[in-house]
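First to last, the sequence lines map onto chains A, B and C.
Counting from 272, one number per residue, gives the positions in the first sequence under this note's numbering.
Counting from 27, one number per residue, gives the positions in the second sequence under this note's numbering.
Counting from 1043, one number per residue, gives the positions in the third sequence under this note's numbering.
Think of the hints as simulated: they come from the structure by calculation, not from any bench.
We put the beta carbon where it would ideally sit given N, CA and C, even for glycine.
There could be a bad hint or two in this list.
[What the hints assert, rightly or not] Simulated restraints on C-beta separations:
| id | chain 1 | residue 1 | chain 2 | residue 2 | range |
| --- | --- | --- | --- | --- | --- |
| 1 | A | Leu276 | C | Asn1057 | 38 to 46 Å |
| 2 | B | Ile291 | A | Thr273 | 25 to 33 Å |
| 3 | A | Arg288 | C | Asn1053 | 49 to 57 Å |
| 4 | A | Leu276 | B | Phe137 | 24 to 32 Å |
| 5 | C | Gln1137 | B | Asn326 | 39 to 47 Å |
| 6 | B | Asn326 | C | Gly1087 | 44 to 52 Å |
| 7 | A | Leu336 | B | Asn355 | 33 to 41 Å |
| 8 | C | Pro1045 | B | Thr225 | 55 to 63 Å |
| 9 | C | Gln1137 | B | Ser65 | 29 to 37 Å |
| 10 | A | Glu488 | B | Phe137 | 44 to 52 Å |
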Amino acid sequence: MTRLLKILEYSLCSLARRKFKNFSIIIIYSFTIAALASILLLTHSLKEIAINVLVDGPDIVVQRLAGGRHDPIPVHYAQDIAKLPGVGRVNPRLWGYYYDSLYQTNYTILAVHQDLPSLEMVEGRMVAANGECTVGQGVAKAQNAEIGDELLLINSTGVGYSCEINGMFKARSNLWTNDLILFTEKDLQGFFAMPAGLATDITVEVFNPREIPLVAEKIKRLFPDTRPVTINEILHTYESVFNWRSGMMLTIFASSLIAFSILAWDKATGISGEEKREIGILKAIGWDTSDILTLKLSEGSVISITSFLLGISVAYIHVFLLGAPLLVPVLKGWSVLFPPLQLAPYIDMYQIFALAFLTIVPYMASTVLPAWKSAITDPESIMRGW
Amino acid sequence: MMLHPGILALILGSTISLILLFYASALGLIIMAHWDSTSSSEEQLLLERKTYLISTIVGMILGFHLFSGLLFLYTIDDIHPLFVGAMCGTGTLNANPIGWLALLSKGVIFFAASLWIIVNSLDQTCEDTPLVRYKYAALSVLFLLFGVDLLLQISYFSGLQPQKITSCCGSLFGAGSTNVASELAALAPGKTMWFFYSTAVSYLGTILLCLTYHSWFLRIILLVQSLFLLPLSLASIVSFISLYIYQIPSHHCPFDMIQKNYYFIGYPLYIGLFAGILFGLVPGLSLLLPKAESLEREINKRERRWLIQAFLFFSLFLTISTWPIFSGNFRLFAY
Amino acid sequence: MPPIIKTQQVNKYYNRHRADEVRALADVSLTISQGEALALNGASGSGKTTLLSLIGGMARPTSGTVSILDKEVSRLPERFLADIRRQTFGFIFQQLNLIRDISVLENIQLPLYPSAIPIAEMNRRAEEILTRLDISTKARLKVSALSGGEQQRVAIARALINRPQIIIADEPTAHLDSSLAGELLEILSELNREGKTVVLATHDPFVSSHRLIDRIVRMRDGRIIGGATG
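Construct the complete structure from the given sequences, taking the supplied hints into account.
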């Protein structure tokens, strides 16, 4: 142990003496790690935020399929579903997407009951009567509207539709409400020309979470034309998608990792005459090949760990302080109306560990052979002045 | 399934290890073919220098492998939400049964690589390097093991289908199933405890006897005990040790204890077990090495340290396993 | 006095079995007694440096045997040779071969880094030697800031830190003026009087004729032509 610590001390001095050579390696190495770490930190943060939002969602969402595509579902299905044992509240939902060609944005329009109590996250009041609406911040910004203004949309028959904005969701709720517009049921049915007695989907509450798959199965048997989607399936899908996306990005960045390994090899092989002389001196005065190897590998470890910590720090700043401007367009998805998302600094130690493995292993592997080559320098070379 | 950061890291690490080990094995075969310790030619000198490279590579690979073992366990835990029915890493392993083989191969490699490093270290401290041919032949076997490990990992991870429903530790180790794991969990805890502790105590006793007497017979006994005690200890972890750690009579999972919510107690537990068994194997196995005076001198010098390490590590394992039985509120035999 | 170094019928070839093969040493047999101060004398290319390398455990002979302190070292693996080098020998090189960018103290302690000797003991030994050689005020300075004479003393200090029994010096006065050369030989005389064996390679008549030297061994074309037996 004493020997190891002393050689480690010498390796630190040795690194400090060759500042410029090592500096360039550290910079490139850190940049590679920062790129990979940014991907991992961003996807993990997005995943955690999404799951935190979704986890409070309905236990089962029942959709109807016609010809394999989504179709409105008869409202009376809800009554039969409610009779199943273990089922709590069953709510038919009326909602849809609207593309505003004038402002080139997508909105989500949701119908709510008129007697809904006011929410703390709403400034003004909730929609109470036909001809009124409550909107999210993104919608208001896109239309340049405020409370009291008219919201102008085009309905499914191409006719203009306006409603008075009587409430606006506060910025804090943007993750849920940024692109949201609330109508009354009648207004929504009129807007989308949806016949009465139909809903977009039906949400189902199940008292015992372990019963969810069973209830979903029963709903499917009861109404074979439906597709019950459980909350776990949604969470699994999000997990998969984020894992897949981050994995895909990492694979793409594999090329940069390979390039870096080649650079590391090249740098390690290109040992200067001065360094060769120094190793010759050490061998001549009693250092063994394994001592020199320990020295070289210690240097490599210090460079790895320093670059890793630096890379992680840069990634943290890039993702959580600057909002990941270089990566967000790829990873966020298709929605046009982005809430200005404040990424929460979720850090998963497991991912950091995986990243360390991904980056440190190739570096150490690519430097072991050059380290050995320099370690087998002949001690006699110093006597001969080679 | 393969595009998960942890899985990518595992496959990459294993591939790099295999490539390095391929190179090392090839070098080893060259060394075996041309080695002549009585020669002082330049060729012999270069061969000697190559032995340093091989030792460094194998040491590095073992280091990677230990971390990759941990990464494997953490990865299967991280991806368990993707599998219906899985509540921990056990569920992920069940989603593709090759996972259990992949885990087993990691355990086998740990012992094989560690033993190689010990033999290599012994050989290098003998001036006449009596074990050169044997250890480099063994390196080829190590290479095959790593190859199998990589294949198993790839096969496991590529065969995972998230939409398939899997069983988790509850049903795997549960009373209703008929597989090996549930047989282990269903072992009568009382009898298992008695059997485990009597074997463990006799193991420690044998170590103490080996420290006192220089008998080859005792070392063989110790070797046999080590080989027997490893599976017995793992079975005991599933059977009753886990119950006391989790303080739940139905929670037999051997992996949860390495997680944060159990204060990472699994780490010292498994380190104690594996290291305790490893150092217990070495004195007996060293009897199988070729006879050479320099080697015997070296073995005699180190044996005491091996035995003490075996004693201390295994005692660590025993202490951590036993402590919850006396200190916790959980009482198994009330059920 | 008992022999401390013994070579028997030692041959050394470089680039053996190749077109540029060189026979650096031919059937060299030499015995050096403990406490002796021996000078290897000969022109450039006579094999002095090669013989020093073999005696000092830096290389192995192609054939023949080399024994150091009664232990045959000719076929020892490199790691054992390195141990012997570290524990038994102190080297003073022709070019001094100090590491210019590190301090005097670090240079002196270099041979002890791979050993199990704790840092406190390393510091104590270094302090002792620095004081003895009158350069303790220079301990923290970089070697590049020292004069030629001071650097020479640093090189000697490095050779002494591991308390060697044998000092090997290859053309130690080659780049020194007569005053520094005299100083060096006085220090080596003192070490020799303390019981250390000194083996020098030189073609400087000033060194060969110094009162330090007990015996002169003459070499030519890789062979000993005189003074082999003491």
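Status of the hints after comparison with the structure:
1. In this structure the supplied range 38 to 46 Å holds for A/Leu276 paired with C/Asn1057, their Cβ-Cβ distance being about 41 Å.
2. Checked against the given bound of 25 to 33 Å, the beta carbons of B/Ile291 and A/Thr273, roughly 32 Å apart, stay inside it.
3. Between A/Arg288 and C/Asn1053 the beta carbon distance is about 41 Å. The supplied range of 49 to 57 Å is therefore violated.
4. Between A/Leu276 and B/Phe137 the beta carbon distance is about 29 Å. The supplied range of 24 to 32 Å therefore holds.
5. Judged by the Cβ atoms, the range 39 to 47 Å given for C/Gln1137 and B/Asn326 holds: they are separated by roughly 45 Å.
6. In this structure the hint that B/Asn326 and C/Gly1087 lie 44 to 52 Å apart at CB holds, the actual value being about 49 Å.
7. For the pair A/Leu336 and B/Asn355, the supplied restraint of 33 to 41 Å is violated, since their beta-carbon distance comes to about 53 Å.
8. At about 59 Å, the CB distance of C/Pro1045 to B/Thr225 agrees with the hint of 55 to 63 Å.
9. As the Cβ distance of C/Gln1137 to B/Ser65 is approximately 32 Å, the hint placing it in 29 to 37 Å holds.
10. The supplied range of 44 to 52 Å is met by A/Glu488 and B/Phe137, whose beta-carbon atoms lie about 46 Å from each other.
Violated hints, listed in ascending order, are 3, 7; each of the other numbered hints is respected by the structure.
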